[in-house]
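Each protein sequence line maps, in turn, to chains A, C and V.
If you read the first sequence in this note's numbering, its first letter stands for residue 1, the second for the next number, and so on.
If you read the second sequence in this note's numbering, its first letter stands for residue 306, the second for the next number, and so on.
If you read the third sequence in this note's numbering, its first letter stands for residue 736, the second for the next number, and so on.
Each hint should be verified, as a subset may be incorrect.
Which residues of chain A face chain C? A few of them, derived with a C-beta cut under 10 Å, are [unchecked claim]:
id: 1; residue: M51
id: 2; residue: P103
id: 3; residue: L105
id: 4; residue: S115
id: 5; residue: A124
id: 6; residue: A270
id: 7; residue: S273
id: 8; residue: E275
Where chain V lies over chain C, by a calculated footprint (3+ residues, C-beta under 8 Å) [as the list claims (entries may be wrong)]:
id: 9; stretch: 469 to 482
id: 10; stretch: 704 to 716
Restricting the straight-line Cα-Cα distance to at most 20 Å, the calculated cross-link-like pairs of lysine to aspartate or glutamate (DMTMM-like) are [what the hints assert, rightly or not]:
id: 11; chain 1: C; residue 1: K317; chain 2: A; residue 2: D199
id: 12; chain 1: V; residue 1: K822; chain 2: V; residue 2: E802
id: 13; chain 1: C; residue 1: K731; chain 2: V; residue 2: D893
id: 14; chain 1: A; residue 1: K277; chain 2: C; residue 2: D523
id: 15; chain 1: C; residue 1: K344; chain 2: A; residue 2: D228
id: 16; chain 1: A; residue 1: K277; chain 2: C; residue 2: E644
id: 17; chain 1: C; residue 1: K720; chain 2: V; residue 2: D889
id: 18; chain 1: C; residue 1: K720; chain 2: V; residue 2: D876
id: 19; chain 1: C; residue 1: K720; chain 2: V; residue 2: E979
id: 20; chain 1: C; residue 1: K720; chain 2: V; residue 2: D892
id: 21; chain 1: C; residue 1: K720; chain 2: V; residue 2: D893
id: 22; chain 1: C; residue 1: K731; chain 2: V; residue 2: D972
id: 23; chain 1: V; residue 1: K767; chain 2: V; residue 2: E979
These are computed hints drawn from the structure, not numbers from a lab.
We put the CB at the ideal spot given by N, CA and C, even for glycine.
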Amino acid sequence: MDYFAQQLINGLVLGSIYGLIAIGYTMVYGIVGMINFAHGDIFMIGGFIAMISFLVLISFGLTAVPVILLVMLLVSMAITALYGWTVERIAYRPLRHSFRLAPMLSAIGMSFILSNFAQVAQGARVKPIPPIITGGHTLHEGATGFNVQLSNIQIVVVVTTMVLLALFTWLVSRTRLGRDMRACEQDQTMAALLGVDVDRTISFTFVIGAALAAVAGMMYLLYYGLVDFFMGFVAGIKAFTAAVLGGIGSLPGAMLGGLAIGLIETFWSAYFSVEYKDVAAFSILIVVLIFLPTGLLGRPEVEKV
Amino acid sequence: MLDTKPAFILKKASLSALVALVLFSLMIGLRTEAGPEGKLIYWTRFGDLATIVAIVFGGSIVIELLRQWIGPVGAAALVPAWLQKLMDFVGRWLGPALLGFAILVPVIFYDQRYILDLAILVLTYVMLGWGLNVVVGLAGLLDLGYVAFYAVGAYSYALLATTFGLSFWICLPLAGILAAFWGVLLGFPVLRLRGDYLAIVTLAFGEIIRLVLINWQDFTGGPNGISGIPRPSFFGIPLTADEDGFAARFGLEFSPTHRVVFLFYVILAMALLTNWVTIRLRRLPIGRAWEALREDEVACRALGINITATKLTAFATGAMFGGFAGAFFATRQGFISPESFTFQESALVLAIVVLGGMGSQLGVALAAVAMIGGFELFRGLDQYRMLVFGFAMVLLMIWRPRGLVGHRAPTVFLKQSRAISSDLVKEGHG
Amino acid sequence: MSGQILAVDRLSMRFGGIVAVNELSFEAERRKITALIGPNGAGKTTVFNCITGFYKPTSGAIHLTHEDGSAFALERLNDFRISKQAKVARTFQNIRLFPGMTALENLMVAQHNALMRASGLTFLGLIGASSWRQAEQRAIDLATVWLKRVGLIDRADDAAGNLPYGDQRRLEIARAMCTEPALLCLDEPAAGLNARESGALSELLLSIRSEHGTSILLIEHDMSVVMEISDHVVVMDYGVKIAEGTPQQVRDDPKVIAAYLGADEQEARAMMETGS
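Working from the sequences, and respecting the hints, build out all of it.
What follows is the structure, encoded as structure tokens:
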């Protein structure tokens, strides 16, 4: 039971990170109807920028952990958001009204560009950083000597996710920009006729998605204590899996799917085998889609004949 | 109206440079690396940063000038009529000319092992492209995990040959059948899925196969792969320096090139077979049903076409060709490992199909030559190679979203076969 | 043998809480043209989708009887089997051709099942057996016949997506006829046609009925077409049948007029009396 509780905590933390990335996929899909294959690599760039800014802050002699974290978060969100904007501008906008496969391949190309850019610019080796947030709480002392731990970093990851999720949900549901986004999702031509700046709204969607991916990248850095140029691919696929599982286009669905993938992966590693955790996640995706072809919270597609 | 004032161009270029400065400030301006004690250290590279920003500034001026020179009409208007005619003429004879050239490659480049190896590689991708073309180009089903069937073919041959000692020519059809079987296996769950759901499930399937290959150590050799895969024989006669080897039997002086040339003709024959079967299938009801499926699935159902069977045969046929190519790959390399079957391979083959112009056999062949050949050209760039490849993919898609060959040839005609503009051709929902 | 080809028995179709079709029953005679009319949103296309298998009805039965006596329960057949075995063909309200294929290719696709058999499930075709080549030639001949019938023989090698609207409508009918159906269901074939084109359409449908013995079920808004060619008219409103009979009977039925004008029955009766 204790072991189970521990895995539950670990799974939720991992799931939060996947959920943050998944939101970016789902938002972009909702508004332009394409898989932003480069999104996983945007997440990786976010992690790198957080890592570099951490090094710079440390070398300036800064020691106050909250300040370091806040500055890291803001810098990586800001710069990564610009990456998201640039990617849309260069690789997707010229293909907006093109055939479906062209933007997808352009996105795959962009994904190669970003991961290899990181490799060329920062080297292929793993970048470890010392733990920034340490300590934790023992929730329950088990009779067999197994204690259920909740570390501070896990609290930070989950709380940050919750706060940002709330913030962006508010942004999408209550503000002018959010309303424009939802309008473009429904009907771009009509939205444009009603005075919505479609280009700007789409750019904005990519910016938000990239900013959230940057948060996920930083949380990954803090939680695992390292980044590498290849981490975007696997995390990206899993986050996209999460978005599809939750029902692509749905924000709560993305978070739900992220948590589901995180939990599946953690429990599978804990009870079956670590090697096959990804196989488990992907297999469950396939099984879910067979029975729920539009995901957990996706709207069923009504066939118009 | 385009603003042609220099001030406008400068403003745009400065803005691009500013964006580049922010983007690259940390990623290029600073370089991190694990120091002697394992702790990360960093040093500055402001010189590189300045160079890159300057390149972006200059580059955006050039792009802006080019854009104004070409004008809003687009590049198409620049092609004069006589050039278009010439291109049409070349287009008609390009296929036969390429085929003739391909047959002569081992004769022309007999002494150049590197070129022969490269030609074999290109032909392998031509074959993979033609195989995937059945699924993506004809049936309009998006498959991001095609490499899985390539892997199934390669491992089938490797395991059958190393475990049971079966020869290449017996294993080749078996590898194809096994891959087709896996194609059907994948096809079943994804029958109901459309578009991006299909894309992600096929991608997941490809990854599952790769992960199983890595982790099922007893069966597949895990990350170390399988080595000592038998090389193909000349229909039973080994291509070795032995007494009963190919060279000795035919009274030739032994040369390792014999095997390379033989491999070249094997893959050429396999690729041509793929092409011939595909062209043939297009003119048969099954091929027409694939294309009709791509055009309108609902109408197909109303015409009594069994969608399930049609989709499954498309998956199986494409997978079978992938399996053949995989078996060839295994026998050529003599060694295979899961590393050869990553998502990048799937993306590369898909890029070949889309760049070729979906459904066009000649286009796919040209795209394979361009992509693999281009990729080899940049071999010297080492780690920059994938970067260049990524940029090439993005630019090619922007330049020709519908691929090199922008029309579809009808499969049957009454009086005159007229090419159909690809603007009319759908690309499927699947 | 004459008699009925199609019997719809207490057919209901619900989408969530909305009842699109409610306990609808009607029959279609063999070798006759039956029209299904009614105001927009009356549920006509839903009935079509149930008959042709795109929707599974919530309740009710749809019986189809061939001339040789073989019977089919359409509500239980898979969509493609309805065309393949029960021989029901249909067209769509918003034309669904294969736009990137030529007119001829469209008609070849329609003969898929026959050609599939002739090609020995592809294998005979792959080796180029002569039996396959003859079958293919016969298919081309049948397609040619229909292209001539609908006046599109000169455009046989043009992409279907390039044809003008009226031609596309006729090509879709030709494509449906190439499946050699017993029952042809046409969803608003005259929509968007001008007077001359809809006149030609009427002639085409009449000749299909008389020369091929194909029974026709048709949804149509163009009353001139309905009145001119229908043998029997079924009127729907809000998912139920409100009237049926010959075109003349239906035209004079106050309930029908009320449904079309949105007035209630009494007012319609009054209007008719003052009008006539």
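The hints, checked one at a time:
1. Given the 10 Å rule on beta carbons, the hint for M51/A holds: about 7 Å separates it from the nearest Cβ of chain C.
2. The beta carbon of P103/A is positioned within 10 Å of a beta carbon in chain C (closest approach about 7 Å), and the interface hint is therefore held.
3. With a cut of 10 Å, the hint placing L105/A at the interface with chain C holds, because the nearest CB-to-CB distance is about 5 Å.
4. Hint status for S115/A: holds, given a least beta-carbon distance of 8 Å to chain C, under 10 Å.
5. Among the interface hints, the one on A124/A holds; its C-beta lies about 8 Å from the nearest C-beta in chain C, closer than the 10 Å criterion.
6. Restraint check, A270/A versus chain C: the minimum CB separation of about 17 Å is more than 10 Å; hint violated.
7. Checking S273/A against chain C by beta carbon gives a least distance of about 8 Å; that is within 10 Å, so the hint holds.
8. This hint holds: E275/A has a C-beta 4 Å from the nearest C-beta of chain C, less than the 10 Å allowed.
9. With a threshold of 8 Å between beta carbons, the proposed coverage of the stretch 469 to 482 of chain C by chain V is violated, since 0 of its residues qualify and at least three are required.
10. Restraint check on the stretch 704 to 716 of chain C versus chain V: 3 residues with Cβ-Cβ distances below 8 Å, three needed, restraint holds.
11. Between K317/C and D199/A the CA atoms are separated by roughly 17 Å; this keeps the pair inside 20 Å, and the hint holds.
12. Taken as a hint, the K822/V and E802/V pair is honoured in the structure, with Cα atoms around 12 Å apart against an allowance of 20 Å.
13. Simply put, K731/C and D893/V have alpha-carbon atoms about 16 Å apart, close enough for the 20 Å limit, and the pair holds.
14. Taking the CA atoms of K277/A and D523/C, the gap is near 19 Å; set against the 20 Å cutoff, the hint holds.
15. Of the pairs offered as hints, the one joining K344/C and D228/A holds, with about 15 Å between alpha carbons and a cut-off of 20 Å not exceeded.
16. Pair hint K277/A plus E644/C holds up; C-alpha atoms about 19 Å apart against a cutoff of 20 Å.
17. The hinted pair formed by K720/C and D889/V meets the criterion: a straight-line CA distance of about 9 Å does not exceed 20 Å.
18. At roughly 13 Å between alpha-carbon atoms, K720/C and D876/V fall within 20 Å of each other, so this suggested pair holds.
19. For the given pair, K720/C sits about 48 Å from E979/V by alpha-carbon distance, which is inconsistent with the 20 Å threshold.
20. This hinted pair checks out: K720/C and D892/V have alpha carbons roughly 7 Å apart, not beyond 20 Å.
21. A threshold of 20 Å between alpha carbons decides the hint, and for K720/C with D893/V the separation of about 11 Å falls inside it, so the pair holds.
22. Taken as a hint, the K731/C and D972/V pair is broken in the structure, with Cα atoms around 37 Å apart against an allowance of 20 Å.
23. Proposed proximity of K767/V and E979/V is supported: the alpha carbons are some 15 Å apart, at most 20 Å.
Of the numbered hints listed earlier, those contradicted by the structure are 6, 9, 19 and 22.
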